[in-house]
Amino acid sequence: MSLIFSADKCTLCGACVDACPFGVLSLEGERLSIGEGCTLCGACVEVCEAEALALPEAEGPSPRPGVPLGGIWVFAEQRQGRLAPVALELLGEARRLAAELSVPVAAVLLGDRVAHLAPELFRAGADKVYLAEHPALAEFVEGPYAAALTEIAARFGPEILLAGATYVGRAFIPQVAAGLRTGLTADCTAFALDPERRLLLQTRPAFGGNIMATIITPRTYPQMATARPGVFKRLADPCPGEGEVVRVELGSLTAAGPCTFVGTVEEIRERLPLAEAEVIVAGGRGLKEAKHFRMLEDLAELLGGAVGATRAAVDAGWIPYAHQIGQTGKTVAPKLYIAVGISGAIQHLAGIQSSDFIVAINKDPEAPIFKVADIGLVGDLFEIVPALIAAIRRERE
Amino acid sequence: MLKIIVCIKQVPETDKVRLDPETHTLIREGVQAIINPFDLYALEAGLRLKEAQGGQVTLLTMGPPQAEAALREALGYGADEARLLSDRAFAGADTWATALTLAQAVRKLGGADLIFTGKQAIDGDTAQVGPMLATILGIPYVAWARKLTWAGDGVLEVERLLDHGYDALRVRLPAVVSVVKEINEPRVPSFKAKMQAKKAVIPTWTLADLELDPHEVGLAGSFTQVVRVFPPPARGESEIWRGDPQELAARLWARLKELGRR
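For the protein sequence lines, the chains are A and B, in the order given.
Our numbering puts the first residue of the first sequence at 1, with every later residue one more than the last.
Our numbering puts the first residue of the second sequence at 1001, with every later residue one more than the last.
Because the hints were derived from the structure by calculation, they are not lab data.
Here a beta-carbon is modelled for each residue, glycine too, at the ideal position from N, C-alpha and C.
Hints are not guaranteed to be accurate.
Claimed, not checked - Taking beta-carbon pairs under 7 Å as the criterion, some of the chain A residues facing chain B (in silico):
#1 Ser26
#2 Gly35
#3 Leu40
#4 Gln78
#5 Gly81
#6 Ala115
#7 Ile215
#8 Cys259
#9 Glu266
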């Protein structure tokens, strides 16, 4: 398959040549030349005002079937009887989408002895909870989780299936999509609907957050996406804590699969996981020494938040990898992000761009972090941070 | 002897790729094609396992003809052989169609005991091809490994990162394992291996070689479609404050309280 080019419409403006991320387009004489290496990304089609470029109409591996009636589903991630906040956020988003499509919202709850979580899912927006309890689901292992969710979805037919883009979700949801032979979009930060074609418009950052892309799954069901924690909003007014619990007996799970859980070897000793924190105080190279993270911990504690770090601080051994934020670490979306001594490498910015409000404290007025910060304090962090801590303490005493 | 496959991807250096907010065109001045940095950890994991247990490391990538350069560079780290999956029909593949094509190549190679991938590719950031590949091949997948211990008898113990900390798993091979950067420190390629890599013959496998149907691969075989590409929404104007640290701190605290009330 290759790009469709209508030479008669082409004005030789060259916009497509500039737009091609892979550099395969060039103007040769009076004609556009399409070289080897086109990935059909569509960037050129987007910029072509003369509509001389088009993507080939893809013929699907299978025709689009009738719309399944299962409505919008959310994977209700839980660990040791505690729901991941992103599951509740996505139920809020699912309700909003479901209202437009006039379909029900369901949560899928997998685990061992987790039935008590159903009312919380109803309050968060689920009309129905599909519940599968099995010893093999007590701890997260990709194989059993993928088998269980695939089987339940194949049996009850969701139109849309959403899950949190957590380490767990991003590990096994692709296996569910592959098992169901349908599309999946990773780490979405916005959803919308095309009501006419009844399509979920899934928007996500790519190229390290430098570009946003909107993606559809036009021919298969369910339309699946993982969604970034902290971005979507829970329902402001909880629903009544009642609904239908559908207990599913799974045929696909066996006691001894090829992959088994042995144990948790290390719990991250955080008062609050980064993904759940509404406030994050993060430090970078500017902190200079491991001991200065103590100061950030104090500030985080006063603000009821968690401590994060850049790759540079982690690589220097000042703080464990679990605290790393950015493309090589975690992606966060707190209400308040305080960047201390962080210059703002693009890889770090990719991990914080969904934050509601960013404060940066840095000596270097040219630091790129100031371009994304809502408030930038130019000055010595070793003076400003202690002064801030003192100001908060003074007031609270 | 372990058969180890390492999947790699050639990517543009993403910190250089930007959309012009006015014209929506990509600014790719000075953008180089590199091996996805996360894949170097996967390669190192494969090489170490081979060195400890004996075996062979085969590199696999799907991409345009120029992706051969990435394979050649990766061979320089000490991998034994490489295959390039390249055909115009593969263009526009989403993660599913990519995984399907890779799976067919794995089958053509006679399968593998272990397939390593990096955490994710820095251009797409999806982390989906590895798990999809495992499902298509019908073998287990373990994500985000930071430590591998050979337990003998075709069993691997894996320590892996999740949101709450680190879990230990035991997996019976064959399996697909994705690794995080904590797992190792990739080696510096030796001069000898680099020289050998320069001369290495890298076979290209096309659609016909893989005996796939054109409707199964590339854009035609993809379940997802990109409908729009646009620059990220601009954040509001930055306020830049300078001055006495005490005053700055007091002013910031006042503002934070205000934010907290909203």
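Status of the Ala115(A) interface restraint (C-beta, 7 Å, chain B): With a minimum Cβ separation of about 22 Å from chain B (threshold 7 Å), the hint on Ala115(A) is violated.
Does Cys259(A) hold up as a contact with chain B if the rule is Cβ-Cβ below 7 Å? 4 Å, holds
Given a cut of 7 Å on the nearest C-beta pair, is the interface hint for Gly81(A) held or broken against chain B? 13 Å, violated
Answer holds if the nearest beta-carbon of chain B is closer than 7 Å to that of Gln78(A); otherwise answer violated. With a minimum Cβ separation of about 11 Å from chain B (threshold 7 Å), the hint on Gln78(A) is violated.
Do the numbers back the hint for Ser26(A), that is, is its least Cβ distance to chain B under 7 Å? Because about 13 Å separates Ser26(A) from the closest Cβ in chain B, which is outside the 7 Å limit, the hint is violated.
Quick check on the hint: Ile215(A) CB to chain B CB, less than 7 Å? 5 Å, holds
Proposed interface contact between Glu266(A) and chain B, which counts if any beta carbon pair is under 7 Å: 4 Å, holds
Restraint satisfaction for Gly35(A) [CB to CB of chain B, less than 7 Å]: 9 Å, violated
If you take the shortest Cβ to Cβ gap from Leu40(A) to chain B, is it below 7 Å? 3 Å, holds
Checked against the numbered hints given earlier, this structure breaks hints 1, 2, 4, 5, 6; the rest are met.
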